Amino acid sequence: MLAHQGEELLIPALIVALVLIGPMIRQRFGRSGEPPAGRDPGVCAYCGATVTGEDERCPACGFRVRR
Amino acid sequence: MTVFGILAHGLGGRVDLPVPRWMFVFGAGTALVVSFVALASLWREPRFEGRPERRGHASALQRILTNRALEWTVRMLSLGSFVVVTIASFLPLSPTETIGPVVVFIWFWVGLAFAQAFLGNLWGTLSPFDTLGRLLGFDESERVPTRAYPKAWGTWPAAILLFGFVWLELADPFADRPGTLGYAIAGYTLITLGGMAVYGRRAWVEHAEAFAVYLGLFTRMARLTRDPDGFVVGRPPLSGLARLEPKPGRLALILVALGSTTFDGFSRSSLWSDWTGALAGLPETLAETAGLLGTILLVAGLYALAMLAAGQITGEGWHVPAVRFAHSLVPIAFAYVVAHYFSFLLIEGQIGIARLSDPFDRGWNLFGTADRLVNLTLLSATTIWYAQVVAIVAGHIGGVILAHDRAIAIYPPGVALRTQYALLAVMIVFTATGLLILSGG
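In order, the protein sequences belong to chains A and B.
Numbering follows this note's numbering, in which position 30 of the first sequence is assigned residue number 30; successive positions increment by one, without gaps.
Numbering follows this note's numbering, in which position 156 of the second sequence is assigned residue number 156; successive positions increment by one, without gaps.
Careful: at least some of the hints might be erroneous.
[Unchecked claim] Short derived list, chain A residues pointing at chain B, Cβ under 7 Å:
1) GLY42
2) ALA45
3) TYR46
4) CYS47
5) ARG57
6) CYS61
7) PHE63
[To be verified] From chain A, some residues computed to sit far from chain B (all C-beta separations above 10 Å):
8) THR50
9) THR52
10) GLY53
11) GLU54
In case anyone wonders, no lab produced these hints; they're calculated from the structure.
None of these values were measured; they are calculated from a predicted model.
Even for Gly, the Cβ is constructed at its ideal location relative to N, Cα and C.
Chain A on its own, in the form it takes in the complex (with noise of 0.2 Å):
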C-alpha cells in the first residue's frame, strides 16, 4: 500500500525541502534579516546556569559548555 501511496509524500517532501533550504540559501547570501538572538557568555546556552571559563561541562545540565 505504501508503494501505491509513494507519490502523496511528494508534496509534505517538497514543503520541507522549501522550508529547510530556505533559511540555509539566505544565510549564505547574507539576507538573513534579522540578527541572531543576543546570548550571554557566561550562561550555559543548553539551560541558562552560569558557567565559567574553566567549566568544560555545564555543572547544572552537564553538556559541554557552549556560550
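Got chain A sorted already, so can you dock chain B onto it with the hints?
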C-alpha cells in the same frame, strides 16, 4: 514474527470510510498548518515556560494519597507481581501461554504509558526496581554512593537500555527460544541494582533506569503531579514538559521511542513484507535490527535538519535548538504509542485476564477467568482508524504548541516564529508518514 506479531494475531477487519484515506493525510497536515497560524496570532505570551508550580493543601484525600502504609502495600503487591511475571517469563512456552509476555509487552509497556500520560507518575510507586533499591538500602539518604553519577552520562544509559528493550521486542532475536524474556528481565534487574549500588538509587532512577526515564516523559504530559511536599496537584496538560531539564542523552531517548514505534508500524506494512518476507532466523533479525536503527536515524536526521534550519536563523548551530525543542517530540511519541497500540491494549490485553488465573500454564483457575475468551468485537477497524487519526493529529498539534511556547519565551518576537517553520514542516512529514504507515498496516 516478533513477539508483538504473535500477540497481535487477532487484529484486522474491513474499514468503512466516507472518503479515501489519503484525504485524511491531507486533512491532518492542514490541521497542523491552521494550528500553527492560530498560535502565531493568538498565543503571543508563553503560558507553560516559567509557570509557577502549584502547591497542594492538606486534606483527607491528600492524606490517603500520601499515606506511607498504602504506598508500601502497593509497592509490595507490585513487587510480588513482578516475581510472578519474571518466573512465568522463564517458561519455554509460547507468548500467549503464560502471563509473562502479555504483562511485559502489553500491560506494562503500552498500558502504563497510557496511565502515566493521564494520571501521572504511577511507575514511581509501582517500579519493582525502585522498591528493591529502597529495600536494599541503596537510597542516598541511607548511605553515600560509592561514586557520584557522571553528569556527562546524562540519560545515555537509559537511552541505550531502552534501545535494548525495543530491539528485543521488535527484532526478537531469540524468537526460537521461548523463555528468553525471563533472562532479559533478570539481566536488567541486575544492571539496575548494580547501578543503584554504585551511584545511588535516586541518581540511577533519574538517569539510567530506562523505564523510569521513558515513562517519566509521558508523566510530564499529565494533568496531575506532586508538589515538593508530595501533595497531588493539577496543572494544564503538557505543561509539565516545559520543565523537562536538558540532559545529555535525553534527545536520544526520545528519538529511540519515536523511531521504534514508527518502525513497528512500518514493519507490519506490505512494503516491509515484500522486502523481508522471505527471510528467517539470523538474516531476519539482522534486517529488523537494520530497519529499527535506520528508522531511528531517519527520524533523528529529519529533526536535526529542522533544527539546523532553526539554528541558521538564531546563529546557534543545530545542537542547541535540538536540545531546547526536544520536549516538543514527546506528545508525538505518545501519539504514536496510542495510534499503534491502543487497540492492541484493549483487545490483545484481554489475554492477560485469562492468564491471571493461570500464570504458569499449569491448568489453574485462581480467579475463575482462565477460560475467558478475547472479545475481538470490542473495537471495529473503522473505530481504530479514526482513533489513530485523532491521536496522530492531536500529538503533533501538542508538539507544535510546546515548541511555539518555548520559542516565544527564549527568542525575540521576529525570530521566534521563523525558528518554527522547519519544525512545522517536519511535523507535517511525520504526520503524513505516520498515517500512511498506519493505513498500510
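Each hint, compared with the structure:
1. GLY42: violated, 16 Å
2. ALA45: Given a least distance of 5 Å, the restraint on A:ALA45 holds.
3. TYR46: holds, 4 Å
4. CYS47: holds, 5 Å
5. ARG57: Status holds, d = 6 Å.
6. CYS61: The hint holds - A:CYS61 has a Cβ within 7 Å of chain B, the shortest such distance being about 5 Å.
7. PHE63: holds, 6 Å
8. THR50: holds, 15 Å
9. THR52: holds, 15 Å
10. GLY53: holds, 18 Å
11. GLU54: Non-interface label stands for A:GLU54: nearest chain B Cβ at 15 Å, farther than 10 Å.
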